[in-house]
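K.L.:
The residues making up each chain are set out below.
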Amino acid sequence: MPSDPELLELAQQFDPQALAQIYDAYSPGLYRYAMRLLGDQNQAEDCIAETFSRFLQALQARRGPESYLQAYLFRVAHNWIVDQYRRDPIPPVELTEEYQDESASPEKDAVQHLRQERLRSAIKTLTPDQQQVIALKYLEGWENEDIARSLKKPIGAIKSMQHRALATLQRTLGDEEFL
Amino acid sequence: MKNDGMDPKLKDAFNDLQNIPPRDPQAAAHGRANFLKQAAVSRQAVSRQADQRHNRWNNIFFPMFVRKERLPVLNTLFAVVLALTVFFGGAGGTVYAAQDSLPNQALYPVKTWSEDAILSLTSSIQMRLNYVLDFSDRRVAEMASLLAAGKSIPEGVETRLQNELDLALELATGMDDPQAIQQLERVRQRAETQYQTITMLISGAPGSAEPLLLKAHARLQEQIQLAAMGETDMPKFRMQVQQHFKNQGGSNEPTPGTGNNPQGPGLMSPTDMPGPSGTGTGSGPMNSTNMPGTGMNQPNGTPGQYGSGYPMPDRTPQPGGGSGRMP
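Those protein sequences? They're chains U and D, same order as listed.
Going left to right, the first sequence walks through residues 52 to 230 as the numbering used here numbers them.
Going left to right, the second sequence walks through residues 32 to 358 as the numbering used here numbers them.
Okay, chain U solo, but in the shape it has when bound (with noise of 0.2 Å):
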């Protein structure tokens, strides 16, 4: 696969294959991160949905971007993102048989997925870029010289906001008596 400057400069002139290869490069991975942040299936395919159309307008008005494209996808997801929390609340964890593996039992179920809709209630009070340092480094693995990339800030207050999401999660959850 060419490198993300030369997919750039296909794209910028919206060249089809290149296109199709970015889609297929990046989707799979913002749609990893919009389910753990959202829970929701079609609201992580509507956060792809609209990144991607984004991008193309972006790309229209040739303010799209230069490099590191991988990093400007997942601002713009998060971005989205961010405005969904806003806007709604977090829809409620269902149970489905896609959650379900043979060797747990409803119950182990029902905790796990109570326990992953607080941790996305306890990461939505946190600053947006807190969530998204906390996001890419603990759900994506990134590492804090990507994640200051994404985000557009040196790597030491990548760091700091690490230390302070950090922090507040372990309070926000420990009131509630989750860890």
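Hints listed in this document are in silico derivations from the structure and should not be mistaken for laboratory results.
Computed from a predicted structure; not experimentally measured.
All C-beta atoms in this analysis are idealised placements derived from N, C-alpha and C, irrespective of residue type, glycine included.
Treat the hints with care, as some may be off.
[Said to hold, decoys possible] Simulated pairs of lysine to aspartate or glutamate, EDC-like, Cα-Cα distance not exceeding 20 Å: (1) U/K175 x U/E191; (2) U/K210 x U/E168; (3) U/K159 x D/D47; (4) U/K204 x U/E117; (5) D/K40 x U/E168; (6) U/K159 x D/D43; (7) D/K40 x U/E117; (8) U/K175 x D/D55; (9) D/K267 x D/E186; (10) U/K210 x U/E194; (11) D/K42 x U/E194; (12) U/K204 x U/E194; (13) U/K175 x D/D43; (14) D/K182 x D/D131; (15) U/K210 x U/D197; (16) U/K210 x D/D38; (17) U/K175 x U/E158; (18) U/K175 x U/D97; (19) U/K175 x U/D134; (20) U/K204 x U/E191; (21) D/K42 x U/E168; (22) U/K203 x U/D55; (23) U/K210 x U/E191; (24) U/K203 x U/D97; (25) U/K175 x U/E196; (26) D/K42 x U/E191; (27) D/K182 x D/E241; (28) D/K42 x U/D160; (29) U/K204 x U/D180; (30) D/K40 x U/E191.
[To be verified] Stretch by stretch, here's where chain U covers chain D in the computed footprint (C-beta under 8 Å, at least three residues): (31) 48-60; (32) 65-71.
[To be verified] Not everything, but these chain D residues come out facing chain U in the computed CB check (under 7 Å): (33) D38; (34) A44; (35) F45; (36) R74; (37) T230; (38) M231; (39) S239; (40) L243.
Given the coordinates of chain U, work out where chain D should sit on it, guided by the hints.
P.N.:
What follows is chain D alone, placed relative to chain U:
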């Protein structure tokens, strides 16, 4: 997952959140198809604006004071609208409003009528080529918009596109060689953009739209090859295009339009097309020995047609080519 001395219980909580259901493949495919359709529409919009980029201020203010060769469609459209407004009151506004309409909308016949009127009122060969290239962009954008909206593409849109592509070649044959070569480069570039858009549309289109898109695709491929031939070998290009007009009777006079037909006035209907014995795209004006990568493979075997029915250029054809008649 990173640890960084995090509380183990919080770490477990993050691990819980990593457990998500897999993406629904159908939703994923649907999302991908929608993105590609939207990309096709965006691409078309960008290519239409290409001539106007970076000079929007000029486009807004200068035409009021200075006669410019740019913005041909809008200038003539403005004249048409002004004339209509003077004579028929609100009709001019209707024509202007129709410019964004799609083939499944009530104002679309007004749009195609106004395009035909613009071409009929324009005497400059260069301006007419500019118009016809813009109009062909419109056809491709209409196809993309219809598909993006989940609508079917009327056959007349594709036929109209074919006729506009024909007319572009026809107009080029009426120019002198240096100008024709320069303009054929534009014709080719425009066709390449349209070809890529149609390629993108085919990948996400429903099965019912595919034959029509493939037809447009093959015709655009032929357009690219013919224009490229003209850029490198003008006499041969003129001969090929002339031969096509000759084979189909060379009828270039406009015929009255119905007003409701998306093909518009002066365009050939499918029944007017030359038969298989003519020089259709299946046998093609070029053969594989002429240029690398040719091969006029039109999937449906639809014969090509080069008589657009639009009035011919107002210039005397050059020796060895040019099949135009004076309007």
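K.L.:
Against which earlier hints does the structure fall short, listed by number upward?
P.N.:
2, 7, 8, 9, 17, 24, 25, 39 and 40
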